[in-house]
Amino acid sequence: DTEVTQTPKHLVMGMTNKKSLKCEQHMGHRAMYWYKQKAKKPPELMFVYSYEKLSINESVPSRFSPECPNSSLLNLHLHALQPEDSALYLCASSPQLAASGANVLTFGAGSRLTVL
Amino acid sequence: EDQVTQSPEALRLQEGESSSLNCSYTVSGLRGLFWYRQDPGKGPEFLFTLYSAGEEKEKERLKATLTKKESFLHITAPKPEDSATYLCAVLGLTGGGNKLTFGTGTQLKVEL
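These protein sequence lines map, in sequence, to chains A and B. Per my numbering: the first sequence = residues 1 to 116. Per my numbering: the second sequence = residues 117 to 228.
Where hints are given, some of them may not hold.
[Unchecked claim] Residues from chain B that face chain A, not an exhaustive set, calculated with beta carbons under 10 Å:
no., residue
1, V120
2, S136
3, Q154
4, G157
5, G159
6, L166
7, A205
8, L209
9, N214
10, K225
[Unchecked claim] With a straight-line cut-off of 25 Å between C-alpha atoms, the simulated SDA-like cross-links for lysine to any residue are:
no., chain 1, residue 1, chain 2, residue 2
11, A, K38, B, K225
12, B, K184, A, A99
13, A, K41, B, G132
14, B, K158, B, K184
15, B, K158, A, A87
16, A, K41, B, T210
17, A, K40, B, K195
18, B, K173, A, A102
19, A, K38, B, N138
20, B, K158, A, E44
21, B, K215, A, E24
22, A, K41, B, G170
23, A, K38, B, T217
24, A, K40, B, G157
25, B, K195, B, T181
26, B, K158, A, S65
27, A, K41, A, V115
Derived from the structure by calculation, the hints contain no laboratory data. Every residue gets a Cβ at the ideal spot worked out from N, C-alpha and C, and that includes glycine.
Next comes chain B alone, as it looks inside the complex:
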């Protein structure tokens, strides 16, 4: 069974204070690792897909990296508008390869 564990559960940063969110995973035949951002009461918003160890992707203040066992979402000089829950999900061969397994998320709060 695929598993995703995210840490920390919650993170409070000052504006401009860089940090990283962790996503540890076990999966049978990784087809993709996804990062989503979710604002309160809204649906998840797609950020990145990573396919293989060593891959990196960037978008504004966010950078996602992938190893064989974990992924990191690095946030550089965050702003209050980056406050959200960040969800990690993996797509493997479980269930025919059509079922995303989500982690419980990291709730990020960026303060002025």
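Bound conformation, chain A alone:
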């Protein structure tokens, strides 16, 4: 299995809702990532987990709350979002959290989030 699976594919939520995005991989990767991508922009790193522990938080607002229940799963909990948070949210995984060109990120297809 060489895939990163993200659910849901599409999500529409109001500013007062609480929802979650889910990501799963079965490649035995120990690093998992959340990226945010706006239209015609490059992916922006949000969070990185290594061995189920939060390793990097790119100063993301607290209305985004990541969770890594185990080595295969990564969640992103959403609460009190703003319309400007509407974007494609990408999950990725890599073998390790390492400064190496061999540490290639595999991306999921993304969750398209619309905040009304």
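Take the given structure of chain A and dock chain B to it, following the hints.
Relative to chain A, chain B alone:
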């Protein structure tokens, strides 16, 4: 701070018309330069990693090359299915060497 600039922003080719995409970069301690392909509404798909100047890699109609300041993605005799956004990213020592810096991409359209 690592920086990646891609050009052109958009490129329209006729089927079979070869061309090149450019990725200029500045990075502290290059650990790898990556090319990804992204289809609309999908996640980036890995194509190549280049590590050092002079290196070249090929996959079907695509060939990636690397110098000390830029990388090129050459597309030979493209087909409509090559239409996508091509993203370049670098991994350096910034942020402990764990943070990819992406360019804004080149949106390629190949027409019949």
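Checked hints:
1. V120: Holds - the Cβ of B:V120 comes within 10 Å of chain A, reaching about 8 Å at its closest.
2. S136: It is violated, given that the least Cβ distance between B:S136 and chain A is near 20 Å, above 10 Å.
3. Q154: holds (9 Å)
4. G157: At about 7 Å, which falls below the 10 Å cut-off, the nearest Cβ of chain A leaves the hint on B:G157 intact, so it holds.
5. G159: Result: holds, 3 Å to nearest chain A Cβ.
6. L166: holds (8 Å)
7. A205: The hint holds - B:A205 has a Cβ within 10 Å of chain A, the shortest such distance being about 8 Å.
8. L209: Check passed: Cβ of B:L209 comes within 7 Å of chain A, closer than 10 Å.
9. N214: holds (5 Å)
10. K225: Given a least distance of 14 Å, the restraint on B:K225 is violated.
11. A:K38 x B:K225: holds (20 Å)
12. B:K184 x A:A99: holds (19 Å)
13. A:K41 x B:G132: Since the Cα atoms of A:K41 and B:G132 sit roughly 28 Å apart, the hinted pair is violated (cutoff 25 Å).
14. B:K158 x B:K184: Not satisfied, since the Cα-Cα distance of roughly 31 Å exceeds 25 Å.
15. B:K158 x A:A87: Measuring from Cα to Cα gives roughly 12 Å; hence the hint holds.
16. A:K41 x B:T210: Distance ~21 Å between A:K41 and B:T210 Cα, so the pair holds.
17. A:K40 x B:K195: With Cα atoms ~23 Å apart, A:K40 and B:K195 stay inside 25 Å; holds.
18. B:K173 x A:A102: holds (14 Å)
19. A:K38 x B:N138: Holds. A:K38 to B:N138 sits at ~22 Å (cutoff 25 Å).
20. B:K158 x A:E44: Distance ~15 Å between B:K158 and A:E44 Cα, so the pair holds.
21. B:K215 x A:E24: holds (21 Å)
22. A:K41 x B:G170: violated (29 Å)
23. A:K38 x B:T217: Since the Cα atoms of A:K38 and B:T217 sit roughly 15 Å apart, the hinted pair holds (cutoff 25 Å).
24. A:K40 x B:G157: holds (11 Å)
25. B:K195 x B:T181: holds (21 Å)
26. B:K158 x A:S65: holds (23 Å)
27. A:K41 x A:V115: holds (19 Å)
When held up to the earlier numbered hints, the structure conflicts with 2, 10, 13, 14 and 22 and fits the remainder.
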